[in-house]
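Chemist: Spelled out, the chains give:
2 protein chains.
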Amino acid sequence: MALFTKVGIVGVGLVGGSLGLALKKKRLASTVVGTSRHAGSIARARAIKAVDDGSRRLDILAGSDLIVLAAPVQTVLDQMGRIRRLIDDDCIVIDVASTKEAVVTKANKLFARFVGCHPLAGSHQTGVANARADLFFHADCIITPVRSTDKAALAAVVKMWNCIGSRVKKMDPAAHDRALAYMSHLPHAMAFALMSAAPRKYLTLAPQSFRDMTRIASSSPELWDDIFITNKHNLCASIDEFTSQLGRIRLALQRNDTRSLFRALTAAQHKRQRSL
Amino acid sequence: MALFTKVGIVGVGLVGGSLGLALKKKRLASTVVGTSRHAGSIARARAIKAVDDGSRRLDILAGSDLIVLAAPVQTVLDQMGRIRRLIDDDCIVIDVASTKEAVVTKANKLFARFVGCHPLAGSHQTGVANARADLFFHADCIITPVRSTDKAALAAVVKMWNCIGSRVKKMDPAAHDRALAYMSHLPHAMAFALMSAAPRKYLTLAPQSFRDMTRIASSSPELWDDIFITNKHNLCASIDEFTSQLGRIRLALQRNDTRSLFRALTAAQHKRQRSL
Numbered sequence: 007m008a009l010f011t012k013v014g015i016v017g018v019g020l021v022g023g024s025l026g027l028a029l030k031k032k033r034l035a036s037t038v039v040g041t042s043r044h045a046g047s048i049a050r051a052r053a054i055k056a057v058d059d060g061s062r063r064l065d066i067l068a069g070s071d072l073i074v075l076a077a078p079v080q081t082v083l084d085q086m087g088r089i090r091r092l093i094d095d096d097c098i099v100i101d102v103a104s105t106k107e108a109v110v111t112k113a114n115k116l117f118a119r120f121v122g123c124h125p126l127a128g129s130h131q132t133g134v135a136n137a138r139a140d141l142f143f144h145a146d147c148i149i150t151p152v153r154s155t156d157k158a159a160l161a162a163v164v165k166m167w168n169c170i171g172s173r174v175k176k177m178d179p180a181a182h183d184r185a186l187a188y189m190s191h192l193p194h195a196m197a198f199a200l201m202s203a204a205p206r207k208y209l210t211l212a213p214q215s216f217r218d219m220t221r222i223a224s225s226s227p228e229l230w231d232d233i234f235i236t237n238k239h240n241l242c243a244s245i246d247e248f249t250s251q252l253g254r255i256r257l258a259l260q261r262n263d264t265r266s267l268f269r270a271l272t273a274a275q276h277k278r279q280r281s282l
Numbered sequence: 007m008a009l010f011t012k013v014g015i016v017g018v019g020l021v022g023g024s025l026g027l028a029l030k031k032k033r034l035a036s037t038v039v040g041t042s043r044h045a046g047s048i049a050r051a052r053a054i055k056a057v058d059d060g061s062r063r064l065d066i067l068a069g070s071d072l073i074v075l076a077a078p079v080q081t082v083l084d085q086m087g088r089i090r091r092l093i094d095d096d097c098i099v100i101d102v103a104s105t106k107e108a109v110v111t112k113a114n115k116l117f118a119r120f121v122g123c124h125p126l127a128g129s130h131q132t133g134v135a136n137a138r139a140d141l142f143f144h145a146d147c148i149i150t151p152v153r154s155t156d157k158a159a160l161a162a163v164v165k166m167w168n169c170i171g172s173r174v175k176k177m178d179p180a181a182h183d184r185a186l187a188y189m190s191h192l193p194h195a196m197a198f199a200l201m202s203a204a205p206r207k208y209l210t211l212a213p214q215s216f217r218d219m220t221r222i223a224s225s226s227p228e229l230w231d232d233i234f235i236t237n238k239h240n241l242c243a244s245i246d247e248f249t250s251q252l253g254r255i256r257l258a259l260q261r262n263d264t265r266s267l268f269r270a271l272t273a274a275q276h277k278r279q280r281s282l
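As they're listed, the protein sequences go chains G and F.
For the first sequence, our numbering assigns the number 7 to the initial residue and increments by one for each residue that follows.
For the second sequence, our numbering assigns the number 7 to the initial residue and increments by one for each residue that follows.
Isolated chain G, as found in the complex (with noise of 0.2 Å):
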């Protein structure tokens, strides 16, 4: 039996667009309706079948039963209001942000059914012509429950990403959001500030190395500034924490210091190994 009847997905792309197919696959929607502020995203999602329908306007959302914010960020944080007002008081809603304190927060004062997730499946392949259904298959999705969360909407979303083979893990959004900082946005910031600072005449002799560690620099821009804007605490904390660290190699490196660099790389050599 689906669990929606009518699914509206705010954003039909690369994640957007894979809950579409993975929701259809499993007939876990009865209908799902899909909007982006580009056409071309929508007749994709429509052509590949994520989509039954699709509009550039938001009114195609009215009568769902839920919704998926699955826009960048500000722009989910600017809709908010007008999708308020196009659906019913019961309708469950979701994001699937990668930052989750700004959106829960103000997701929470708007909407009597939502819930904050956050599917570990994203890419630097975007696009809805990079969608597909098992996107969420064997990856972990992060929700974000708070104590006024309504508990049969939160189980009703555990019950979809589950069925769409997600392992769901519970976090209070701010230690979400402290978390990804380190695990993602981090990183996300080192491999575009690299691709920058590196001289483009040595780029042909990048060996693979180089190459996983610039391949997340190919991430959308227009994606990775709103996620990098809305953390921008937590980043500024693990970018200080890093370059701490970095420099703690520098200096043993201008000191001869051999022990010291020894030591720094033996540590995160076994944490490395013993922890991923």
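Please keep in mind that the hints were generated in silico from the structure rather than gathered at the bench.
Worth double-checking, as some hints may not be accurate.
Where chains are identical, the list cannot tell them apart; a pair therefore holds if satisfied intra-copy or between any two copies.
Claimed, not checked - In silico DSSO-like cross-links for lysine-lysine, where the CA-CA straight-line distance does not exceed 30 Å:
| id | residue 1 | residue 2 |
| --- | --- | --- |
| 1 | Lys277 | Lys238 |
| 2 | Lys207 | Lys112 |
| 3 | Lys31 | Lys207 |
| 4 | Lys12 | Lys175 |
| 5 | Lys115 | Lys55 |
| 6 | Lys12 | Lys207 |
| 7 | Lys207 | Lys238 |
| 8 | Lys55 | Lys165 |
| 9 | Lys165 | Lys207 |
| 10 | Lys207 | Lys277 |
| 11 | Lys157 | Lys207 |
| 12 | Lys55 | Lys12 |
| 13 | Lys55 | Lys238 |
| 14 | Lys176 | Lys207 |
| 15 | Lys176 | Lys12 |
| 16 | Lys207 | Lys30 |
| 17 | Lys207 | Lys175 |
Guided by the hints, dock chain F onto chain G, whose structure is given.
Modeler: Below, chain F without anything else, positioned relative to chain G:
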């Protein structure tokens, strides 16, 4: 016809062991002998037939017409004098170190027929246990001849790398070290520093981007502190440039300067997409 009668590999680890396998597979050497500080590595190298004979003593190298210096770079620098006394004047000597200027300068004083080499085919999975005959296939190999380099030795070394499938690129030793600081040594320093900075409790959430970014933090500290120290001036300069670029992102965040932030991310994304 074999290119060499007896090849002596000093340090049968990942690169030395793989070169032994490749030389024997392509019948480029009649005999291959190897040394290591570790008896276990010698036994393993013999077992997989990367070498015909091996020893912890350097004497086994006597009579070689090609010597491959494949130990960690500081060990290479330390052992060169002793190796010189064991071999004939016309023996060709190559190294495979990740930094070139220090090795090439010293080796050119000691050996009449030295050619500096750096196959870009290492891995965080070190040791002869990971050796494979095709490690150098389709990989770049940078060689760093200087004005005084023996032409016949150079030709033989280029032929050897070509025969085992490498694309040979010639560079000045100093230019090599500047380029590799950005393309390899800085990314390794970043990976070690990121592992050090990341709070242990968050590592269970590590998405693919974090795993890719820190893969090379599993690399051997013994190898990498030598590489860092022997290229410290270029590495420090690349750390400074990278830190400055990361600082620009941080400043834009702090100032809520979304325009500068978007411009920085977009420039990095374009550079990545166009050149890699």
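Chemist: So, for every hint listed, does it hold in this structure?
Modeler: Each hint tested on the structure:
For a Cα distance limit of 30 Å, the shortest separation of Lys277 from Lys238 qualifies both inside one copy, at 26 Å, and across copies, at 25 Å. Taking the closest pair of Cα atoms, Lys207 and Lys112 come within 30 Å of each other only across two copies (28 Å); inside a single copy the shortest separation is 47 Å, beyond that limit. Taking identical chains as interchangeable, the C-alpha atoms of Lys31 and Lys207 are never at most 30 Å apart, the minima being 47 Å within one chain and 35 Å between chains. Proximity of Lys12 and Lys175 under a CA criterion of 30 Å is satisfied intra-copy only: 26 Å inside one chain copy versus 60 Å between copies.
For the homomeric pair Lys115 and Lys55, neither the shortest alpha-carbon distance inside one copy (33 Å) nor that between copies (70 Å) is at most 30 Å. Taking CA atoms no more than 30 Å apart as the test, Lys12 paired with Lys207 passes in neither setting, with 53 Å inside one copy and 39 Å between copies. For the identical chains of this complex, Lys207 and Lys238 are inter-copy neighbours only, at 21 Å across copies versus 33 Å inside a copy, given an alpha-carbon limit of 30 Å. In the homo-oligomer, the alpha carbons of Lys55 and Lys165 lie at most 30 Å apart inside one protomer (23 Å), although the nearest pairing across protomers, at 55 Å, exceeds that limit.
For the identical chains of this complex, Lys165 and Lys207 are inter-copy neighbours only, at 27 Å across copies versus 51 Å inside a copy, given an alpha-carbon limit of 30 Å. In this homomeric assembly, Lys207 and Lys277 come within 30 Å of each other (Cα to Cα) only across copies, at 11 Å, whereas the closest approach inside a single copy is 34 Å. In this homomeric assembly, Lys157 and Lys207 come within 30 Å of each other (Cα to Cα) only across copies, at 28 Å, whereas the closest approach inside a single copy is 57 Å. For a Cα distance limit of 30 Å, the shortest separation of Lys55 from Lys12 inside one copy, 15 Å, qualifies, whereas the shortest one across copies, 65 Å, does not.
In this homomeric assembly, Lys55 and Lys238 never come within 30 Å of each other (Cα to Cα): the closest approach is 37 Å inside a single copy and 55 Å across copies. Taking the shortest alpha-carbon separations for Lys176 and Lys207, only the inter-copy value of 15 Å comes in at or below 30 Å, while the best intra-copy value is 46 Å. Only within a single protomer do Lys176 and Lys12 lie at most 30 Å apart by alpha-carbon distance; the minimum there is 26 Å, versus 63 Å between protomers. Neither within a single protomer nor between protomers do Lys207 and Lys30 lie at most 30 Å apart by alpha-carbon distance, with minima of 48 Å and 36 Å respectively.
In this homomeric assembly, Lys207 and Lys175 come within 30 Å of each other (Cα to Cα) only across copies, at 14 Å, whereas the closest approach inside a single copy is 44 Å.
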